[in-house]
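> Listed below are the residues making up each chain.
Protein chains: 2
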Amino acid sequence: MVKKTYLQKTTLAQAHAHWFEALDRAGWFEQTAELVPTPTAHGRVSAAPIRAARAVPHVVTSAMDGIAVRAAATRTARIDLPLTLKRPEGFVRVDTGDPLPDACDAVIKVEDLNFLDERTVEIYAAAFPGQSVRPTGEDFAQGATLLGAHHPLTPEAVAACLAAGLQTVEVVRAPKALVIPTGSELADPLHPLPPGKYPETNTALFQGYLSRWQATPTLHPLIPDDKIAIQAAIAQGVASHDLVLINAGTSKGREDFTTTIIERLGKVLVHGISMHPGHPVVLGVVDGKPVVGVPGYPVATWIILNQLVLPLLEKYYGYQLQSRHTVKGRLARKVYSSLGEIEFVRVRLQPTDDGPLIHPLAGKASALSSLINANGILIVPEALSGYPKGEMVEVQLLMQ
Amino acid sequence: MVKKTYLQKTTLAQAHAHWFEALDRAGWFEQTAELVPTPTAHGRVSAAPIRAARAVPHVVTSAMDGIAVRAAATRTARIDLPLTLKRPEGFVRVDTGDPLPDACDAVIKVEDLNFLDERTVEIYAAAFPGQSVRPTGEDFAQGATLLGAHHPLTPEAVAACLAAGLQTVEVVRAPKALVIPTGSELADPLHPLPPGKYPETNTALFQGYLSRWQATPTLHPLIPDDKIAIQAAIAQGVASHDLVLINAGTSKGREDFTTTIIERLGKVLVHGISMHPGHPVVLGVVDGKPVVGVPGYPVATWIILNQLVLPLLEKYYGYQLQSRHTVKGRLARKVYSSLGEIEFVRVRLQPTDDGPLIHPLAGKASALSSLINANGILIVPEALSGYPKGEMVEVQLLMQ
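From first to last, the protein sequence lines are chains P and G.
Those letters in the first sequence? Residues 1 to 400, by our numbering.
Those letters in the second sequence? Residues 1 to 400, by our numbering.
Think of the hints as simulated: they come from the structure by calculation, not from any bench.
Careful, some of the hints might be misleading.
Which copy? The list can't say, so a pair holds if one copy fits it or any two copies do.
In silico lysine to aspartate or glutamate, EDC-like type, Cα no more than 16 angstroms apart, as pairs [to be verified]:
#: 1; residue 1: K227; residue 2: E314
#: 2; residue 1: K364; residue 2: E138
#: 3; residue 1: K197; residue 2: D102
#: 4; residue 1: K176; residue 2: E34
#: 5; residue 1: K109; residue 2: E343
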C-alpha cells in the first residue's frame, strides 16, 4: 500500500527539499561533462571555468585605419614643423584589426595624415608608443578566465572561445529525459481518432519545455493502462535515461498505477503536493534517478514542468535556465484560493497609465486556452485564501 | 562616389525609417507562409489565425474519477434516502478524461459513492445534468481561433493545435540569411593561425543571434579583401537569400569595398549612423532585399545585430522575437557619451538593498569581455552627453 507516502499535506517547498535531498544522496546532481566543438556549443552551459589558450588579441593590432610607425622616429613632428615619412622604411599602411609590423609600435590614424604621394606622407604630431594600437591580451590574457563554470555559452562567449584558440569546450552533458504517455482513453492526435478516444497532446508540452531547458527529450509511444507494460517502460527508461516522466496515472482512479509501480521499482518520496493545479503529482527515485508521475490535465502538466522539472534541471546545471521577471499590478477582480494550498493563477496583463491591470483568466486545469492566453502567473501562497479586487500583486511574466 | 549617401548625421531612428520604407516599397515585409507538421512547429510564428478543426474536447468527457449516470435517473437520491444503482444499466465507471457513454449526462465523483459490491453503488444526492463533465468545446469550439496571426507556437499552442485536429499549421517562412565574413587579415579560428593573421570570430555572433531570432543563417567561407570576389558573393547571396550581411569593410580603410559594391549592385540608403559602437554601418537594398555592411569590431557587430537586424526581423514576423525587460537602478559611476550620438553602454547590475547598482563596464568596441560580463545595456540618447554618478537610469536586461 502507498498510503504512508501519500503526503497530502506536503508543501511545494517540502517536496523540493525531500526529492532533491534523495537525489543529492544518490549523486544525481554530480554532472558529467562532455567536450563539444566550439562552434556547436551555442546555448550549452559550461562545466568548468573556460580559460584562454591564447591571448586575445594574440598579437599587437592596429586600432585604427592609418599608418604603422616607430614612435621614436616621429618625435620631431609638430603642427608647424611637419615630418615626412617614406615607405617602406618610414611607415606601413594598416587598417583596423591588422597585426602591427614587428618594427612598429604606434599607429597614426588616417584623418591625421597628409599623403603627398603613394609612398610619402606628412605628419603633424609625434606618435607615442602604443598609440592607437591594441596590445596583446587587451581583451583576454592567455590563461584568463573567459567564462566561469555554469555559465551559458552565449554567442559572444562562443566568439571569445574561438578568439582564444579553443577548438572544443567542456559543457555540462544534457540530461536525457524519457516521456511516457499512458492512458487507454488516449490516441495519437496525428491519426483519425477511433471512437471513444481522446487525443494525446501533453507530449507537445514535454517536448517543447524539455528542449528549451536543455534536457534531451525522447517520446515513448503511447501505452494503454496496462500495469505490466508501464512498469517495463519505466524500468527500461531508468536504465537508459537520466529522468523519466510518466503522464498520467497519478490520481485515485481505477487505472492509476504510476504510484504503485514507482514504489515497487524504487521509492516514492512525495505523492500529492498542496498545490493547484498539479496536486496529484508523484515524485520518486528509481536507481538514483528522478521519476515523476505527472498529472494529466494540461495545465497541471505545465505547472509540474515549471515548478518541479525546471528547478530540478536548474539544480543539475547550477544555472538559471529560464529568466524570472516579475511585475507589479492591480487585480482586476477577486481571486479565490484554497487555504493551505498554493494556487497558480493564469493571468493576462493589460497595460494602463497606472501600471498593469491583472486579469485572472477563467479556465480549469483542463483548459489549454487559459495557458495560451496567459502572459503571467500569479502565485497565491498557502497561507492566503485569495486576494481582493484592486490588490497590488506581483506576477511572474511568461517567456515565449 | 558614395559621398552623397554617407549620412554621418543619420540617427538610429531615421536609419530605421529610411531602410524599412525602402524595403516596404520593395515588398520585403510581405511574408510568405509555409505549412509544417504540427509537432515540428515549436517556436515558429503563426502566419494567419489558426482555427480549431474540431472542438476541444471533441466529445463530452468526465471531469472526475467516479461513475457516469443519467441525471434524470438519480432524482430521488437523498442523504437520508440513498439510491442504489446497478451496472451496466444504472452506471458506468469512468476516470477523469474518459469520454462519457452516450446514455449518460452526469458524473458522480468517487468520494460521494458507497460501493456495496463491484456492480452495486449507493448514492446520497441527485446528480444534475452536466455535473462533473466537460462539455464538447469547453476549451475551444470547432472553428474557434486557437492562436491569432503573428503569435509564437509555444508548447501549449502546439498542444492545442494537436488537440484541435490540426496535423499541419501555417507558419511564417523563416528568412534565409547569408553571412559573408571578409578580410585579408582574418583566418579560420579552428585551424592554426598563419603568421600575421587574426582569428575570424564574428560569424559566431551572427550564427547565434540569427538562429535565436528565427532567420536561418548560412555562413559563407571567409573572403579576402578582393573587390571582385566580394561583389560576386553579395550578388549570388542576394539571388538565393532573403538577407545578406557582410562583415566588415564599412569604414574608410584602404580595402573597405562594401559601400561601393552595394552602391553598384543596388542602393545604399544609410552609411553611418550617429551611434557608438556601430557608427560605420551600411544599410542597403539590392534587388528588393536588405544588405547590411556590418562593422567588424565584435561589440559593433553585436549592436548592429541587436539594433538593426533584430528590428528588421521583428517587423518581418510582426512579432517581438526577444523580450525587452528593463529595470531602474543607480549609476555607480559617471558615464560619458558624445553629444549627438546614441551610446550603448554595457553594464553589470549589482543587486543591493536599495535596488540595482549599475556598473558601466570598461572596454572598447573590440572587447568581447565587456559583452560577456554585461547583463544589461544602458542607452544614452543623442541629446545627452552622459549621466552623472548616482543618476537613476533605466537599463535593458540582456537575455541569455
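> Look at each hint and say if it fits the structure.
So, going through the hints one by one against the coordinates:
no.	hint	in the structure
1	K227 <-> E314	neither (32 angstroms within a copy, 49 angstroms between copies)
2	K364 <-> E138	between (58 angstroms within a copy, 10 angstroms between copies)
3	K197 <-> D102	between (77 angstroms within a copy, 13 angstroms between copies)
4	K176 <-> E34	within (14 angstroms within a copy, 31 angstroms between copies)
5	K109 <-> E343	neither (64 angstroms within a copy, 22 angstroms between copies)
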